Every structure is written in C-alpha cells, then in structure tokens.
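**Q** Here's the letter readout for the chains.
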Amino acid sequence: MSQREGSLDFQADSSISPLPLLEAKIHQTHSLARLLTKYAEQLFQEYVQLQGDPFGRPGFSPPRPPVAGLSAPGAGHAGLPLPERLRLDAGALAALPPLLDAVRRLQAELNPRTALLRRLEEAARRARALGAALEAVLAALGAEPREPRPEPAAAAAAAAAAAAAAAGAFPAKLLGLRVCGLYRDWVSRTEADLGQLVPGGPA
Amino acid sequence: MAPVAVFQAAFLLAWLPLSTYQSQAVLSEPLSLSVHVNLTEQSLKIEWSVHNLTHPELQMAFQIEISRINKSNVIWVENYTTTAQQNQTLRRMWKSELPLECATHFVRIRGKDEDPRMLQRRVWSSWSSWVKAEAQSLLGPEPLLVFPKEKQVEEGSDVTLCYVSRHPQSHVVCKLNGILVPGEQLDPHVSVVTLRSISFVSKTGSNFFCEEDRNHTQPGLAIFVTKVLEEPKGFSCETRDLKTLNCTWDPGSNIDSWKFPCQRYTLFESFSGGKKSCKDKHWCSWQVDSQETYNFTLQAENCFRKRNVTLLFQLAHRVHPMTPFKVALKSVSATNAILTWTVHPLRNNFTLLCQVELHSEGRVVQQHNVSTWGNGQYSFRGLAPATEYTARVRCAAAQHFWKWSKWANQEEFSTPQAAPSTAPDVWRSVRPTLGSCNVTLFWKPLSRAQAHGKIQFYTVATERLHTPSSSQLFPIPAPANGTELSLDGCSHRIRVTASNGAGTSPASVMVIAGDLGDPWNPGNQTAEVKEERAQGTGDGVSMSWKPPPGDVLGYVVEWCDGPRESPCDLRWESLGPNATSTVIKSDAFRPGVKYNFRIYGISPERMAYLLERKTGYSQELAPADNPRVTVNNLTSHSFTLSWEDYAADAQPGFIRGYRVHLRSQAEQCLPGFTKALLPDNTACCKHDIDNPEQKTFLVKNLQPESFYEFLVTPHTRAGEGPAQAFTNVITTRDQHPRVLIRILLPMVFPLLFLTILCYVKSQWIKETCFPDIPDPYKSSVLSLLKPKESPHPSIMSVRDCVPDALEVVNKAARRSLAEVECPKHDYLHLLPTGSSAGPGPGICFENLTYNQAAPGAGPCGPSPGQGGLLAAPGGLLRSPSYVNSPGGPPAEEAPLNYVSQVAPPTSGHEDSPPTPLLELAPRSEYRTQMAVPPGLASPSPEEKSHLCAVSLPDAGGHGR
Chain H
1 MSQREGSLDF
11 QADSSISPLP
21 LLEAKIHQTH
31 SLARLLTKYA
41 EQLFQEYVQL
51 QGDPFGRPGF
61 SPPRPPVAGL
71 SAPGAGHAGL
81 PLPERLRLDA
91 GALAALPPLL
101 DAVRRLQAEL
111 NPRTALLRRL
121 EEAARRARAL
131 GAALEAVLAA
141 LGAEPREPRP
151 EPAAAAAAAA
161 AAAAAAAGAF
171 PAKLLGLRVC
181 GLYRDWVSRT
191 EADLGQLVPG
201 GPA
Chain Y
1001 MAPVAVFQAA
1011 FLLAWLPLST
1021 YQSQAVLSEP
1031 LSLSVHVNLT
1041 EQSLKIEWSV
1051 HNLTHPELQM
1061 AFQIEISRIN
1071 KSNVIWVENY
1081 TTTAQQNQTL
1091 RRMWKSELPL
1101 ECATHFVRIR
1111 GKDEDPRMLQ
1121 RRVWSSWSSW
1131 VKAEAQSLLG
1141 PEPLLVFPKE
1151 KQVEEGSDVT
1161 LCYVSRHPQS
1171 HVVCKLNGIL
1181 VPGEQLDPHV
1191 SVVTLRSISF
1201 VSKTGSNFFC
1211 EEDRNHTQPG
1221 LAIFVTKVLE
1231 EPKGFSCETR
1241 DLKTLNCTWD
1251 PGSNIDSWKF
1261 PCQRYTLFES
1271 FSGGKKSCKD
1281 KHWCSWQVDS
1291 QETYNFTLQA
1301 ENCFRKRNVT
1311 LLFQLAHRVH
1321 PMTPFKVALK
1331 SVSATNAILT
1341 WTVHPLRNNF
1351 TLLCQVELHS
1361 EGRVVQQHNV
1371 STWGNGQYSF
1381 RGLAPATEYT
1391 ARVRCAAAQH
1401 FWKWSKWANQ
1411 EEFSTPQAAP
1421 STAPDVWRSV
1431 RPTLGSCNVT
1441 LFWKPLSRAQ
1451 AHGKIQFYTV
1461 ATERLHTPSS
1471 SQLFPIPAPA
1481 NGTELSLDGC
1491 SHRIRVTASN
1501 GAGTSPASVM
1511 VIAGDLGDPW
1521 NPGNQTAEVK
1531 EERAQGTGDG
1541 VSMSWKPPPG
1551 DVLGYVVEWC
1561 DGPRESPCDL
1571 RWESLGPNAT
1581 STVIKSDAFR
1591 PGVKYNFRIY
1601 GISPERMAYL
1611 LERKTGYSQE
1621 LAPADNPRVT
1631 VNNLTSHSFT
1641 LSWEDYAADA
1651 QPGFIRGYRV
1661 HLRSQAEQCL
1671 PGFTKALLPD
1681 NTACCKHDID
1691 NPEQKTFLVK
1701 NLQPESFYEF
1711 LVTPHTRAGE
1721 GPAQAFTNVI
1731 TTRDQHPRVL
1741 IRILLPMVFP
1751 LLFLTILCYV
1761 KSQWIKETCF
1771 PDIPDPYKSS
1781 VLSLLKPKES
1791 PHPSIMSVRD
1801 CVPDALEVVN
1811 KAARRSLAEV
1821 ECPKHDYLHL
1831 LPTGSSAGPG
1841 PGICFENLTY
1851 NQAAPGAGPC
1861 GPSPGQGGLL
1871 AAPGGLLRSP
1881 SYVNSPGGPP
1891 AEEAPLNYVS
1901 QVAPPTSGHE
1911 DSPPTPLLEL
1921 APRSEYRTQM
1931 AVPPGLASPS
1941 PEEKSHLCAV
1951 SLPDAGGHGR
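One line per chain: the protein sequences are H and Y, in this order. 167 is the number that our numbering gives to position 167 of the first sequence; each next residue is one higher, with no gaps. Heads up, our numbering is the position in the second sequence plus 1000, with the first residue counted as 1.
In short, the hints are calculated from the structure, not lab data.
Below 25 Å or equal to it, Euclidean Cα-Cα: the simulated SDA-like pairs (lysine to any residue) are:
| # | chain 1 | residue 1 | chain 2 | residue 2 |
| --- | --- | --- | --- | --- |
| 1 | Y | K1175 | H | Q49 |
| 2 | Y | K1095 | H | A165 |
| 3 | Y | K1243 | Y | R1347 |
Distance windows between CB atoms, simulated:
| # | chain 1 | residue 1 | chain 2 | residue 2 | range |
| --- | --- | --- | --- | --- | --- |
| 4 | Y | T1040 | H | L117 | 25 to 33 Å |
| 5 | Y | W1076 | H | K38 | 53 to 61 Å |
| 6 | Y | E1142 | H | G200 | 43 to 51 Å |
| 7 | H | G79 | Y | N1038 | 51 to 59 Å |
| 8 | H | L117 | Y | L1139 | 32 to 40 Å |
| 9 | H | K38 | Y | E1142 | 35 to 43 Å |
| 10 | Y | P1141 | H | L117 | 31 to 39 Å |
| 11 | H | K38 | Y | T1040 | 37 to 45 Å |
| 12 | Y | W1076 | H | L117 | 40 to 48 Å |
| 13 | Y | T1297 | H | K38 | 52 to 60 Å |
Values in this document were obtained by computation on a predicted structure and should not be read as measured data. Glycine included, C-beta positions come from ideal geometry on N, C-alpha and C.
Isolated chain H (complex conformation):
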C-alpha cells in the first residue's frame, strides 16, 4: 500500500496536460488524507483502550509537551497562508513516522502480540506516503521546499522513546498517547488544508 500511496508520479506521462494532472494529484492526496484521518482516529481509540484506565476516560488529559520537535497544530494554523500550512503539514508528516515507530517499540513491551503493533506500523507507513504525496503537490504548485531539520527526525524520536522508556512504563504510555494524538491531528489538518485545493472544496 505504501508503494501505491507513495508513487504519485503525476509527471510520468508528459503528453498529458499538467493542470488536470495536478488536480488529480491534489484530489488523490486529499482522498488519502481523508482515509488516513479515519484510520488515525481508529488507531487513537485502540491505543487508549489498550493502555488501561485512565487512558480511555474522557476526562483524562495529561499535559502535552512538545515531542521531539513536533508540536500540535497551532491555534493560528488556519490563519497562515495555504502554502505555509501545507509546508507545516508536510514537515509534521515527515516527523511522525519515526515517532510512531518508537511508540511501536515501546508498546512491544507493554502490549505484545496485539494488533496495535501492526496498526502503529501501518500508521507510520501511511504518514510517510501522505507526506510524500503532499511534498509532490507542493512541488507541483511551485512552493518552496520545507526547511531541512537540523536534527534527523528518527534520532529525535529515538531519543524521546529512550527517555520515556527510562522514565518508566507510564511515561511511555503517555508518549504513545501524545504521538497518536499528534498523528490524528496532523492528518486531519492536512485533509482540511488539501480540501481547500480541491475544486469545489472550502475556500
């Protein structure tokens, strides 16, 4: 699936007009984002169910510190120019896969032999695919590429996971909760931002 989702090479056939191709690319990426939004919500619910009480309780809202340089979509995100928002979306999607992998490794100790591990692995792949598709849309739109991170996302995620693991199982569960929540929020945000590019979508 990752191959299919990630290989969105809309310039393969030069005989086709680039505008409909871009439109199709945007539409396809938006559909992917919408699909991942649903999957991300399912992943989040499954995660909190497996961690035990109080993670599944509605009133449980532990503090949300930044995770390995990845913050939640800000309150002013919607006010930013669309290209900037898409660049932020692409950056977040690039940072999420190593974090999801780190969470999967932590959960391998806490919840081995559960479907959650497979879903975390799939989520990481899907985030990569969506990120790549979004980068392609940005390139087609002529937007400037996002700034390279000073630190590789994988290393930051590994450090965060190691710190959580050293702090104990409860912080590790909190880290996973935070990462799954970020994954859900950024995929949802990406779907909303791409929706503005889709013909007939919100302005």
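Given chain H, put chain Y in place with the hints provided.
**A** Relative to the frame of chain H, chain Y by itself:
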C-alpha cells in the same frame, strides 16, 4: 601493716586494668563504611571493611542500623555474621519498601569478633558514624514526582508508593486505575501512598498517577501485577517411540506481566539427576536412555515463588503408540475381507494390541482386538454381500495399556453380490369371475440383508392344481411390488422368486383354491366370521386369535392402510405358526380412524383361509360431535330425550355410552343424577348411560312449568364429546288440580248439603227430644250481683243446706244401667226444712239426656260434646258426692227430697258445650249423668263394684 596494705591496693589498681584488657577484646569500629543507592532495585548497597584483626581470618558479627528521615528514626536492624579478613570489603544489600527518592536514609554499623579461638569476652565495638544515603538530590526539576518509576508485585501484596511535591501548599490527588487513593504525609514535600492487597487488572499494568492542582501535571507509574503462581495440573509423561518422553501439564491461570515475564518451568529427574529448562509453559521433552523408571519433578517458578509437582512411572507403562500406517484390504469376497496394517517399530518384542473396527451404514458392525509387534492383519467374516464397509485400526501397548493411538486412515470397500437369501413375502387378492380368476399378487421388496444385491426382476410361475404341466412364467422387472394375473379357474399354485445379478432367491409358494372365494366379498366366507373389536396401542392395533384345530404354516393379517371409505391400500403381515397375537403397526395409521383386519391361517397345503375379523383404532379419540337430541313426551313432570339417528359407528372411537347433563333451578339433582362440573367449571347434574345401544332417556321427577337445560354427550375410551350448548325445555302445567276439582266438586256439594240437613235435623231433634237444661250459673241475674260477696251468691250450695230428710225413691220403671249399679244414688229427695227457702216440698230431677242406655233417650243418641262430658272424671262421678257428704245419712237409708241440680264441674272441658241445665219440675227425677259405652251396657258385677268403689273417695273429696 600499713605499708603492706598500701602495696596491695596499688597492686590491685595496676592489675585490674590489665586483667580487663586481657579478658575483653574490644574491636575498633569498622572503617570505610559507604552506602550506595540503587534506584532501579530500590536498594542500598552497604560496604565496609575491618582493620586491625588479630588473626588473618576471624569470625565476626556485625550489626547494621538503618534510619529514615532522621538518625533517631531507626527502621531496620540487621545482625550479620561472617568470616572477615584483614582489609576485606564486606557488602550487604538492603531493599527499601519506601521508594528511596522519597526519604533520606542513614546507615551505621558495629561489630565484634565471634571467633571461637578468642577466649576474651565478646563486646560490640562502638558504632560507626552515620552515613547518609540520599536520592532526592537526583530528582529532576518537575513540580510533582511519583516514585518508583514502575513496580512489579504479586497479586494480593501491599505496595508502597510516594510522591514529592515542590510546593507544600499544593493539593495533590492520586488515583489507581481511576480510583482515588489517599496519601499519608511523610514531610511537607513527601507523601506516602500504600496500596493494600493489589489486584491483577491487565497484563499491561495498572496505572497510578497523581494530579497537582497548581500546575495540572500528571506524573504516574505503571504497576505490573503478577498472578499468584499456581501448581501445574495434570502433569503427565508418555513416549511414542521409547526414545523420547513428552511431558505435558496445564499451567493454570498463571498470568505473567508482559513487561516483566519471569515465569518458567524446569524439569528435574531424580534418578539421573538430570535437569531441563522447558521452552514452553505447557510441555517439555526428555531424551530416554536405558533408564526404565523415572521420577520427574516439574518446577514452576516466577519472580515471587516456586511450585513443584512430581511423577514416578515406568517407561513401559507410558507407551502411546504412533498411528498405524499402510492400512489395506485384500481378498474381499461377498462375506469375507482381510485387513492389513503396519505399526512403527518399537523395541524388540514390544507387543502391541491393535483394535480393528468394521463400520457399515454409520455404525460399528464388528470390533476385534489383535496382538502384533510388526505387521498386523485381521480377516473379517460374516460380511453381507453387496454392502459398503469401512475398516479402521488403532493400537496400544498390550501389556500395560496406557492410551490408544489415533485411528489409522479408514479403508472403504464393498463386498460383491450374492443370490437373494430369502423368498419374497407375497400375498394375494383373488377375484373370481365367470370361468376365470383375477389374482392380484403383492410382494414386499427384500431388505438389503436379504437381497444381497440389487434385485433385477421377479418371476411369477403359475400352474393349475390338477394339471401341473400347464405352467406359465411371468417375469416382472424390479422394482415392481406386485402384478395382476387372469387365471383360467381359481385353483392354482403360484410361485414367486426374486433375482439379482448373482442368482435367484428361494420361491414363495401359495395355493389358490376355487372354493375359497374372495375374502373381500361379503357374501362369501367373510360373512360367516363375526367381526370383533381390536385394542389400539397408540401406534398400532393389538389383536389375538384362536389357532385353528389343524396344522398351520403361519398366519397372515391383512388390512387396508386407509380409512374404510377410501380405496383399499392392501397391507399384510406374515406371522409364524406359533403366533396367536400381534400388534399391527403402520405409519399410515391415523388416530380416530377405524381399520378392519382379517386374520388368515395358512394351511399345510399353502392355502389361506379366513380365521377372524377384527376392527379397531390405533388410537381412539373423543367423539367429535354430540348426538342431535329430540325431546318427546313432554309433560309437567317428565320428558324423553331421543337420539336414535346418532351414527355411533362413524365416530373416532368405540362409543362406550352416553352422558346426560341436566341443569335446573333446583339445587338438588334428580334421582339417578349426580352432581358434576363442566369444563367451564359450571355445575350441573349428570346421568351416565353405559349401554351404547340405548339412545333414549326418560327424564322424570320434574317440576311443572319449570325450566330445564340438557345436553347429551357420547364418550369413548379417549374421552367425552364436546361441551356444546345446552338445550332448553320447559315442563308443562300440572294436570292434577283440574282432575281433582272435577272429581271433588261434585262430591263436596252433596256432602255440604247433607251436613246442613243433618244439622237442621239435629236441632229439631234436640229441641224435640232433649231441650237444653237451664244453668243457674249462667243466669243473667248473676251479673248484677257483686262477685266478692260469694262465689255463688245466688245459688244455694248444698253444704249450706241442712237437709231435713233425704229420700231416695226407687223407680223400677226407669231403671237404667247406672241405676242398677248404684240404685241408691238415683233419686235424691230433699226434704224441706224450716230454715230452708227451697221451692217445693219434694223435687225430683231426671236428665234422660245423659244416659245413653236410658229408655226413651231419643233417636239421635248422644252428641260428641256429651260424650266428652262422660270422660271427665269429675263429671260423672261427682254426683254421688252429694249423697255421701260427711255427717249425712246413707243415701239408701235417708229419704231424699231435694238435690241441688247444679251443672257438673267442667274442669278441663271449658270448651265443651254447656251441660244441659237441670229443668226444675215439681217432681223431678234425677239420673246420674253418665254416658256408658255400648260395651259397658251390661257390666259385670266386679265392674259395678269397682265403679262404686271409685266414686266414694271422690265424693268425699268433693264434699269437703
């Protein structure tokens, strides 16, 4: 002496310290005491070394004290004995229940030698200095911290947790799995939370976290709870090849935490001393050598405890052979087959017991046990031809059975066909016609066990009885179950055979005689046999019969499978010669349907003749409808119920009788009726008629012009007819009063006329013959007098009179019976005295009315009222009292001139008519007022004397 004393004192002072030094080996305090905090294991590592030992090695004892928060708060004291060496570093580990991050701990130590070589007294050394163990300095900058980071405990144990808050004024709330747990403050920053008897929740751990109201941080930890280790159950070992033992067990509900899996199983063998760590928690294998006896111990172990189970056995007793293979069948014939198989080789001469099974149509038809140690085989015998079979085999140890192996693959085979073994079961229906005979033959298909293959055709051979050479053959292809033949005459012998691909069955022979006729023809033999009832059994009909006097080859019971009205679907059942009863069953039998049966005997000549006829139901039902009842002969006291047209034979059961239900206004039932309850719980009266042939019933003893309701229901063995609506009937008006009026009225009027006439006549006679005697007591003059002056003021009392003389005159001319008896009383004559104001000089009264026997009494005789007067004791016999009054002369001697003729007392006869008044006459005669019955008209002398004797005392009493 003084210098000596001073010397002694100085010596003692110098010796005592020396002796003290020699008897007490005072150890210098242990040096180099250090304490290290291990937060992962929540323990303190205590290290120290001892110097200046007197020997290179010395047995020593140490005492370690641990204080918490402050040095005076000693929470742990441990004595430790070991062999110490010069400058050796000694170590002890102490685990803290309270997380070390939450409190500062202090440690000190002292020691003494315990070496038996030392003769001195053993004294503890001085304590070392307190060494501080502090982990709080390692904490981060977070405002609220919870310790330890994580915890692994056994279910049911207590857990001590703590939290450190940077702000003493903040409010901290802690929860375990969402449930609030209180904390106990250890110091202004530290609180301790103790969880008692913690429970297992999930493998992913229980979450404990705290919240601080100041900054809403939520630090927490996961507590991994492990179930208490259970003893393994069902520990068992067996071998399949005598090379490897496979031991299995049920670990129970042993649940390890996912993060800290520490559960493991180890197998120990005591004879060999072998040990093996098991990779799986359910089974473990063990290599077998020449050892024959094994004593295994299975040890289950987790982080907190161990459990052991043991098993002692002989290897040969735990052989579970592998599944046989190369299973095959050979030499399969119509009745035999040979099964062969191979078993996995074990040791030499290890005998196996193999079980072979033969299945057919889903059930086991043969089962045999065969001993073998290599290749095995078994020969099945008695197989049915043309039958599909399945054979299978399994094996176990022959000498010491332990377990069967799995069944080897099933081998399916079929036996070939053979000739049918049994003659077809044939029956017939004969219908004679002019010059010929129509015979319908029926036969039942042979069963699989009889057919021995697929029946291809039937052969019917007929021959005339008297000309055997005139035989005819009729082949009829299967699967026909009958045929119809038109024979020349009705005297034939018929043979029927069935044939399959392998041969022909024995023949079924029957003889049809011309004079036997058709049993279904009512004008023939059938009519001579009386039909009897057969008993239903629910699913069939039971019947019995009397065997005929001659020999029989058997019996045949035939019937039609449908109701009487429907076309006959002929069925029969052949029975042996010894049968005298049977129960006929058929899937076509329906409850409430009457079936007719005919029982035939088969003679040695193979002719069938009718023995008995039966009729019956497989299951009787209650009547479906009630008879239509008509009311006849309705009168004021009875009516007749009639249901003559009720078809009892058409009912779904034999009618056993009828029940007449009657309801009326009266509470009591009529004679012959008893109270009963209807299905709707209403009460009525019932009368049972046990004779099913009786179809009329007279209801009598009814009330005229009354309302009655009746219902007639038939009943069979299964029950009563339906509870339908009652029929109303009202009895007519009563006819008797009219009859009586017609008879009595003509009689009453003449009687009334006669009565009036008699009354008038009697008045006339009375007036004529015996007019009323005046009664002075009833004189109207008396009412003018005062009653108090005298009860009888106007009447002269006899006692007040002084008779001058009493004269009795005997008059023979008017002698009555009383006069004969007491002649002296008959006539009283009261003689006038000077003072007396009496009337005449001589008075005589006579009252002829009071003497029946008196001459001239008149034709009418005494009236009833007068008769009553006679019965009164004071009426008749008081008259002599006047005679026998005391002081008076005897009546017969004194002349009587006057007697006061008062009316006799009527005590007890107030209602009697007044006594006839005495009639005053210038000379009256008086007679005793006595009514004498005709029988006493001539009393005996004794009676006469008796009458007189009775009268005397009474007279005396009265005279007073």
